[in-house]
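Knowing the structure of chain Y, use the given hints to seat chain F on it.
Number of protein chains: 2
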Amino acid sequence: MGLSGELFVGGGRVRTAETFRAVEASSGEYLEPPFDVAGAAIVDQACELAWSAFQPFRELGAERRARFLELIAEQIMGLGDALLHRAAAESGLPLARLTGERARTANQLRLFAGELGRGGWWRIRVDPAQPERLPQPRPDLRQYQVPLGPVAVFGASNFPLAFSVAGGDTASALAAGCPVIVKGHPAHPGTSELIAQAIVAAAEMSGMPAGVFSLLNGPSNELGAALVRHPYIRAVGFTGSRAGGLALMQIARERAEPIPVYAEMSSINPVVLLPAALAADAPRLAKEFVESVTLGTGQFCTNPGFLLALESPALDRFIAAAADALKAVTPTAMLTGAIQKAYVSRVERLLQHPRVSVIGRGNESASARCGRAALFCADAATFLQHAEISEEVFGPSSVVIRCANEAQLFEVLQQLEGQLTASLHFVEQDENLVRALLPLLERTVGRVIANGWPTGVEVAHAMVHGGPFPATSDGRSTSVGTLAIERFLRPVCYQNFPDSLLPQPLRTGAFILHPHRYDGEYRTGA
Amino acid sequence: MGLSGELFVGGGRVRTAETFRAVEASSGEYLEPPFDVAGAAIVDQACELAWSAFQPFRELGAERRARFLELIAEQIMGLGDALLHRAAAESGLPLARLTGERARTANQLRLFAGELGRGGWWRIRVDPAQPERLPQPRPDLRQYQVPLGPVAVFGASNFPLAFSVAGGDTASALAAGCPVIVKGHPAHPGTSELIAQAIVAAAEMSGMPAGVFSLLNGPSNELGAALVRHPYIRAVGFTGSRAGGLALMQIARERAEPIPVYAEMSSINPVVLLPAALAADAPRLAKEFVESVTLGTGQFCTNPGFLLALESPALDRFIAAAADALKAVTPTAMLTGAIQKAYVSRVERLLQHPRVSVIGRGNESASARCGRAALFCADAATFLQHAEISEEVFGPSSVVIRCANEAQLFEVLQQLEGQLTASLHFVEQDENLVRALLPLLERTVGRVIANGWPTGVEVAHAMVHGGPFPATSDGRSTSVGTLAIERFLRPVCYQNFPDSLLPQPLRTGAFILHPHRYDGEYRTGA
Chain Y
1 MGLSGELFVG GGRVRTAETF RAVEASSGEY LEPPFDVAGA AIVDQACELA
51 WSAFQPFREL GAERRARFLE LIAEQIMGLG DALLHRAAAE SGLPLARLTG
101 ERARTANQLR LFAGELGRGG WWRIRVDPAQ PERLPQPRPD LRQYQVPLGP
151 VAVFGASNFP LAFSVAGGDT ASALAAGCPV IVKGHPAHPG TSELIAQAIV
201 AAAEMSGMPA GVFSLLNGPS NELGAALVRH PYIRAVGFTG SRAGGLALMQ
251 IARERAEPIP VYAEMSSINP VVLLPAALAA DAPRLAKEFV ESVTLGTGQF
301 CTNPGFLLAL ESPALDRFIA AAADALKAVT PTAMLTGAIQ KAYVSRVERL
351 LQHPRVSVIG RGNESASARC GRAALFCADA ATFLQHAEIS EEVFGPSSVV
401 IRCANEAQLF EVLQQLEGQL TASLHFVEQD ENLVRALLPL LERTVGRVIA
451 NGWPTGVEVA HAMVHGGPFP ATSDGRSTSV GTLAIERFLR PVCYQNFPDS
501 LLPQPLRTGA FILHPHRYDG EYRTGA
Chain F
527 MGLSGELFVG GGRVRTAETF RAVEASSGEY LEPPFDVAGA AIVDQACELA
577 WSAFQPFREL GAERRARFLE LIAEQIMGLG DALLHRAAAE SGLPLARLTG
627 ERARTANQLR LFAGELGRGG WWRIRVDPAQ PERLPQPRPD LRQYQVPLGP
677 VAVFGASNFP LAFSVAGGDT ASALAAGCPV IVKGHPAHPG TSELIAQAIV
727 AAAEMSGMPA GVFSLLNGPS NELGAALVRH PYIRAVGFTG SRAGGLALMQ
777 IARERAEPIP VYAEMSSINP VVLLPAALAA DAPRLAKEFV ESVTLGTGQF
827 CTNPGFLLAL ESPALDRFIA AAADALKAVT PTAMLTGAIQ KAYVSRVERL
877 LQHPRVSVIG RGNESASARC GRAALFCADA ATFLQHAEIS EEVFGPSSVV
927 IRCANEAQLF EVLQQLEGQL TASLHFVEQD ENLVRALLPL LERTVGRVIA
977 NGWPTGVEVA HAMVHGGPFP ATSDGRSTSV GTLAIERFLR PVCYQNFPDS
1027 LLPQPLRTGA FILHPHRYDG EYRTGA
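Top to bottom, those sequences are chains Y and F. Just so we're aligned: the first sequence equals residues 1 to 526 in my numbering. Just so we're aligned: the second sequence equals residues 527 to 1052 in my numbering.
The set of hints was computed from the structure by calculation and includes no laboratory data. Predicted model only: the values in this text are computed from it and were never measured. All C-beta atoms, glycine included, are put in the ideal place defined by N, C-alpha and C. One or more of the hints may lead you astray.
Some, not all, of what chain F presents toward chain Y, calculated at C-beta under 10 Å [said to hold, decoys possible]: (1) S578; (2) F580; (3) Q581; (4) E641; (5) S746; (6) N747; (7) A769; (8) A773; (9) Q776; (10) R969; (11) G972; (12) G993; (13) D1000; (14) R1013; (15) F1023; (16) G1051.
According to the in silico footprint, chain Y covers these stretches of chain F (three or more CB under 8 Å from chain Y) [claimed, not checked]: (17) 701–715; (18) 926–938; (19) 952–966; (20) 979–988; (21) 1014–1020.
Chain Y on its own, in the form it takes in the complex (with noise of 0.2 Å):
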């Protein structure tokens, strides 16, 4: 179970001439081994590849397959410890954390094979044909859903397990029956490379077609580029900035045939605390946001970066015990130092802008590669006025705006563009208000939370992760929970077939078998 270096390219190993290497996040030592670079040559292999296993991998079956993501999950925590303590060094995250991530990771293959023992997600729909109709005869329809082709996957630096190789996107796309090609993110090679194994393994012991997996590393954005213009790529799955899912949204659209691009990128996720909540309850709020902010050193999608709530002395306590709690916070690494020093010039604009004030910092670095916590503070006003107060800062970091009023509170709100989250806290007093804020809330994001905070995606069926442009590309999908399966389908109908020529799932002996629709009813399937 050593490194090798090597790239993973449909079950085969591949060296090149060009290599790159990881740096131990805490340190910023260079690791060893070195990673071989994928070129152009490689990305076209890749792809023919994949586009050959495609149909073949179809064809195995949904039971199969099912069977492929729980062998994935077994081999992925058979790695043991060496992948926590490989993904710690690349990460600096915490092998607590870690250990929890594979744990997340291993329940959500195993959550797309039951989804796949299911049989809904063909979600069947049978118009049986009324031969005696008039003024025609109605045909005999069956819908069900058939995959894309092939996916190229982008590992995401901040969930090295549960949102990289075999992340949601692989999980979602495997089970939907596309082959994947990921585009490893360079900032932990070696943990992409452990994942690999284990899927190049589960892919052998279950007979899967040698195209069904790669892992294309490289340091460059050409990589990813030739990926998402590749005509056998038909679906792109993302999770980074802004930045990088604009470009990739750009390149998909210039392709002759344009692809879908599900990119999950920027988010503020709004708290809201109530007045009477707030009042209530002021420093065990204050001390959960903090929590909220400052955990994995901030690097959520879900961050809080962003609190409302009305001018009161209970926001004065609120503010006073956040600035508290901040000071016992420890800094940690953070990802890499392109992000760490994203994070710093963030925060320094903030500190500069003569509008924002600072609430209080955390504990300051031992190292220059950590992330030191910051609260900041600005009325609604400055924040109506100044758009970049809204920009999103990759760490923890969060800006509290002081609201004048329920008017200003709404206003402000308006003004936001789609967010993955916001989160509401409130107390019975404030059921009207709430009343009142939610059909705004809903326009704007893709999941609302009660008296809770943003961090901590459960993997389920209820789950969105996704939410309006431009928190992701497209608003009308998640990338966590089983939903996220569809993002890589699409519908095809079968007219007038004879039983023994339709796909398997649509035979009379088998539609039946699954939740469907006969004829508009809903029927869970026998």
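For chain F alone, kept in the frame of chain Y given last:
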């Protein structure tokens, strides 16, 4: 029920300084009255009214929306013969066809009303809280689908009722809870106004907010572009030419906030005659083929522009019979002068093509505004080298491709772009070949038809009227059938909200009544 020529802006009627006129399809003469042209200020006004109507329209609830759709159907039927006569004059389509199209349009509205009554369109998912779960409790998560916002709908020329002002895009968008602004097709402004009268009357009778519907007319592309650019427009439905669809996609991408465009564009709808079926029944197939090609003067999205068969004496018999059948076809007026001119020039190009031969022509046209049918023939090698042969000819024309062998048949189908449909004619002896063709066709089209012709699109639950690009801009959708509602919806998740604050359909007493998933399990509702 006369025609005023006014614009319908959110329930009110508006006059402008500029006008244009409809043209009688059969004669080319101008029809009364002149119609007002919408400019930029009116686009703004309609979009602002639509945006203001969005929340109130949603809050009226699904039952009221269903009633609204039913009333539209009722009001359209109530327009009586005046509607049919005006549509016939403007489109050149015969009354019998328009009578059928009217029934289809009304039934489509009623189908979506019924869909709202079932509640399955919310796609409710509930994952109940697990307060005892370790390491963390699981929150209560409830997901449903919410409307995107105001939708711009572009009326199509070839279905002045079923794909126009109150057609499938409007019906599905209104059903989803999205206000609609229709950009009426300039070929049938009188028909559009009559339908708009019906919608506005239905909106008044059911107490809908004023901005729920507008009809804007004008002969220029700039009107549509301004609509698609407007920040309050959140999705676009379009049926028309490839150039038109691509232009709207481009405009939508250049917005600050990109929006989904559902454009149904071009398709040549391949038909494959398998050897044994062809040998058994060449004359009948030829007759049906000619009927399908010339139905509605060939002006269907699903017109079979392209027929493939293996070289054989039976194919010669088929071609001879098709030529014979064609002689009996009397040409009829095309929808517009521009369509007729484009048709003549495309046919002329095929007539001049050195590698394409003419199988036969329909009767000569009595009028310069008619479309004279044409059947062509080419060998597969020519098709593979000359992409221009596969370009859509909008009108009663089709090309028979002679394939030397099965390998060539596969090669031609592999080169095809995305299509709305593919049709296979086969008998039992052909089934192995059908089985080999289906995976390829499933990757390329939205609907596969056994022993039938592509014209005739059933409005049903299992229908897919869509397909990979360039058949549509978004192969993950359909513009016909109840699945079309999903184009205008996106998921939202509520986390840990008390019942009293949840949207009505997600409350504990309510969701159990509708089809939903409970902790992943499929339930049909009480």
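Hints, one by one, checked against the model:
1. S578: Because about 13 Å separates S578(F) from the closest Cβ in chain Y, which is outside the 10 Å limit, the hint is violated.
2. F580: Because about 8 Å separates F580(F) from the closest Cβ in chain Y, which is inside the 10 Å limit, the hint holds.
3. Q581: holds, 6 Å
4. E641: holds, 8 Å
5. S746: Because about 25 Å separates S746(F) from the closest Cβ in chain Y, which is outside the 10 Å limit, the hint is violated.
6. N747: Status violated, d = 20 Å.
7. A769: With a closest approach of 15 Å, the A769(F) hint is violated.
8. A773: Nearest chain Y Cβ about 14 Å off; hint violated.
9. Q776: Because about 9 Å separates Q776(F) from the closest Cβ in chain Y, which is inside the 10 Å limit, the hint holds.
10. R969: holds, 7 Å
11. G972: holds, 6 Å
12. G993: holds, 9 Å
13. D1000: holds, 8 Å
14. R1013: Interface hint status for R1013(F): holds (8 Å vs cutoff 10 Å).
15. F1023: holds, 4 Å
16. G1051: holds, 7 Å
17. 701–715: Result for this restraint: violated, n = 0.
18. 926–938: violated (count 0)
19. 952–966: The restraint on the segment 952–966 of chain F holds, since 5 of its residues have a Cβ under 8 Å from chain Y and three suffice.
20. 979–988: holds (count 5)
21. 1014–1020: With 6 residues closer than 8 Å to chain Y, the segment 1014–1020 of chain F meets the three-residue bar; holds.
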